[in-house]
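Numbering-wise, the working numbering puts 39 at position 39 of the sequence shown, and it's gapless, one number per residue.
Honestly, I wouldn't trust all of these hints.
[What the hints assert, rightly or not] With a straight-line cut-off of 27 Å between C-alpha atoms, the simulated DSS-like cross-links for lysine-lysine are:
id: 1; residue 1: K38; residue 2: K110
id: 2; residue 1: K66; residue 2: K136
id: 3; residue 1: K38; residue 2: K162
id: 4; residue 1: K66; residue 2: K40
id: 5; residue 1: K36; residue 2: K136
id: 6; residue 1: K51; residue 2: K162
id: 7; residue 1: K162; residue 2: K20
[What the hints assert, rightly or not] Restraint ranges, calculated between C-beta atoms of paired labels, are given here:
id: 8; residue 1: S99; residue 2: M53; range: 37 to 43 Å
id: 9; residue 1: Y178; residue 2: M53; range: 37 to 43 Å
id: 10; residue 1: N18; residue 2: P124; range: 31 to 37 Å
id: 11; residue 1: T176; residue 2: D156; range: 24 to 30 Å
id: 12; residue 1: A17; residue 2: A143; range: 19 to 25 Å
Worth flagging that the hints you see were computed from the coordinates, not collected in a lab. Think of the CB as a built atom: it goes at the ideal place given N, C-alpha and C, for glycine as much as any other residue.
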Amino acid sequence: MDLMYLSIASGDCEVAANGKTYALAQFHVHTGSEHKVKGKAQGGEIHFVHKNMDGSALLVVGLFLKASESATTDPWLVNFLEALDMVGDDSPVPTTLDSYSALILQQMTKGHAFNYPGSLTTPPCSEIVDWWVVQKPVSISSADYERIVSNLAELDITDHGKNARPVQPLNGRTITVY
């Protein structure tokens, strides 16, 4: 296995932005963040990947993870970690997770969201993504963060459990702050 993500088999999770509607397709986690705010990276980043109805465009919500010894892991992340621990070699593991919308809204009340047109962060890096990055990170204990790194370290595609693409230049893109 060279990529670990959770695909969405069923459910009703749609978002609308910039005049288009998108359905949640999958989500995955990066150790090391793929975005920075004011030049600062975070410990990790979850990407909730949504596809528009004809599959020609994506909307990705990026949510930072901040690990610390004193942190209590957010309850949504606890359930995610339990599902992650069950993942094996190439065999799907059915699980039920609560909607992530409350998690996103909770973090949005603490800060801003950044929106810009960009690309996938994994090959083929197609420029088809409407990015929405939530400013304030979700708390995760250092021990739980290390569980994620340990799970990812088993994959050939990671560098000892780190799988974040380096931050890319803006190349003239405009970032809108909400």
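Here is what the structure says about each hint:
Note on K38 and K110: the hinted pairing holds, with a Cα-Cα distance of about 16 Å set against a maximum of 27 Å. Using a Cα cut-off of 27 Å, the hinted pair K66 and K136 holds, with the two alpha carbons roughly 9 Å apart. For the hint pairing K38 with K162, the CA-to-CA distance comes to about 22 Å; that is within 27 Å, so the pair holds. For the given pair, K66 sits about 12 Å from K40 by alpha-carbon distance, which is consistent with the 27 Å threshold.
Restraint check for K36 and K136: the C-alpha separation of about 11 Å stays at or below 27 Å, so the hint holds. For the proposed pair K51 and K162, the alpha carbon gap of about 26 Å is at most 27 Å, so the pair holds. The hinted pair formed by K162 and K20 fails the criterion: a straight-line CA distance of about 33 Å is larger than 27 Å. In this structure the supplied range 37 to 43 Å is violated for S99 paired with M53, their Cβ-Cβ distance being about 20 Å.
Separation of Y178 from M53 is about 24 Å and departs from the stated range, judged on CB atoms against 37 to 43 Å. Under the hint 31 to 37 Å, the C-beta atoms of N18 and P124, about 23 Å apart, miss the expected range. With their beta carbons about 37 Å apart, T176 and D156 fall outside the hinted range of 24 to 30 Å. Here the CB-CB span from A17 to A143 is close to 35 Å, at odds with the stated 19 to 25 Å.
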